[in-house]
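Asker: Here is how the chains run, residue by residue.
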Amino acid sequence: LAKTTQPISMDSYEGQEVNITCSHNNIATNDYITWYQQFPSQGPRFIIQGYKTKVTNEVASLFIPADRKSSTLSLPRVSLSDTAVYYCLVGSTGTASKLTFGTGTRLQVTL
Amino acid sequence: DTGVSQDPRHKITKRGQNVTFRCDPISEHNRLYWYRQTLGQGPEFLTYFQNEAQLEKSRLLSDRFSAERPKGSFSTLEIQRTEQGDSAMYLCASSPQGLTEAFFGQGTRLTVV
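Top to bottom, those sequences are chains A and B.
Those letters in the first sequence? Residues 770 to 880, per the working numbering, in order.
Those letters in the second sequence? Residues 927 to 1039, per the working numbering, in order.
Simulated from the structure, these hints should not be mistaken for laboratory data.
All clues stand as given, with none of them false.
Stretches of chain A that chain B covers, calculated by requiring three or more beta carbons in the stretch to come under 8 Å of a beta carbon on chain B:
| no. | stretch |
| --- | --- |
| 1 | 804-816 |
| 2 | 870-878 |
Derived EDC-like pairs: lysine to aspartate or glutamate, alpha-carbon spacing no greater than 20 Å straight-line:
| no. | chain 1 | residue 1 | chain 2 | residue 2 |
| --- | --- | --- | --- | --- |
| 3 | A | Lys821 | A | Asp800 |
| 4 | B | Lys940 | B | Asp1012 |
| 5 | B | Lys983 | B | Asp1012 |
| 6 | A | Lys772 | B | Glu1027 |
| 7 | B | Lys983 | B | Glu1004 |
| 8 | B | Lys937 | B | Glu1009 |
| 9 | A | Lys772 | B | Glu970 |
| 10 | A | Lys821 | B | Glu1027 |
| 11 | B | Lys940 | B | Asp989 |
| 12 | B | Lys940 | B | Glu1004 |
| 13 | A | Lys823 | A | Glu786 |
| 14 | A | Lys823 | B | Glu1027 |
C-beta atoms are modelled at their ideal positions from N, C-alpha and C, and glycine is treated no differently.
The following block holds chain A by itself, in its conformation from the complex (with noise of 0.2 Å):
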C-alpha cells in the first residue's frame, strides 16, 4: 500500500485559498488519490478524486504532477466551516477496503 505523508496542521485565514500538499512517493500505476473531509464527532466525507494532471469540482481542486509522487488539495476561499481534518488516501479503484487512513491535516480557519 502506497504511504501517504501530509502536514500534520496548518493554519488559514478566512477568503484565503489553502493548498495541503501530500507526498505518496511508491504510488502504485493502479492507484487513485482521494481525499475526505472530517468534522469532529463526524465520519469523513469524500472530496475530490483524480488519478493525474487536474480534477476541480464544486469543493475543491487537485493538482497531481505528471510523476504523480504528491497530490495538492487545493480549497479555494476558505470559510469558518472549513476547519476540519483532510485525509489524503490512495489505492486502487474497485476495492475501498484498501483505503488507510493516515493521521490527516487539522485545518484551522480563523477570522
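We have chain A; now place chain B onto it with these hints.
Answerer: Then chain B, alone, in the frame of chain A:
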C-alpha cells in the same frame, strides 16, 4: 435521509460486557466497511463485506470482534468481553462496487468504563 445510518450513536458499557452496533448502508451499495477511530488518529480499517460475504478482516479484529451482514443489507458489529482499549468511534461506510468513494455514517462512540 438516504445516507449511512448507525445505531446507537453513543454507547457506554462496563468492562466485560458485550455490545452490538448496527449499520444500515445506502440501499443500492453492495459494499460495506467497518472502521475504528481513536482520538487524534485516522480511521483504521476493521472489515469489509461485499453483499453478505465478509471478504477481508484486519489484524485489528481480534477474536472478540465479529461482524455480520445477513442478506447483504444491514450489518452488525459485536464486541464481546469489552475492554477499556475498545473505547473508540466505530464507523461504518458503504460504497457501490467498483468505486473507492466510500460514504460514512456518523459513527457509534463506545466508552468502556
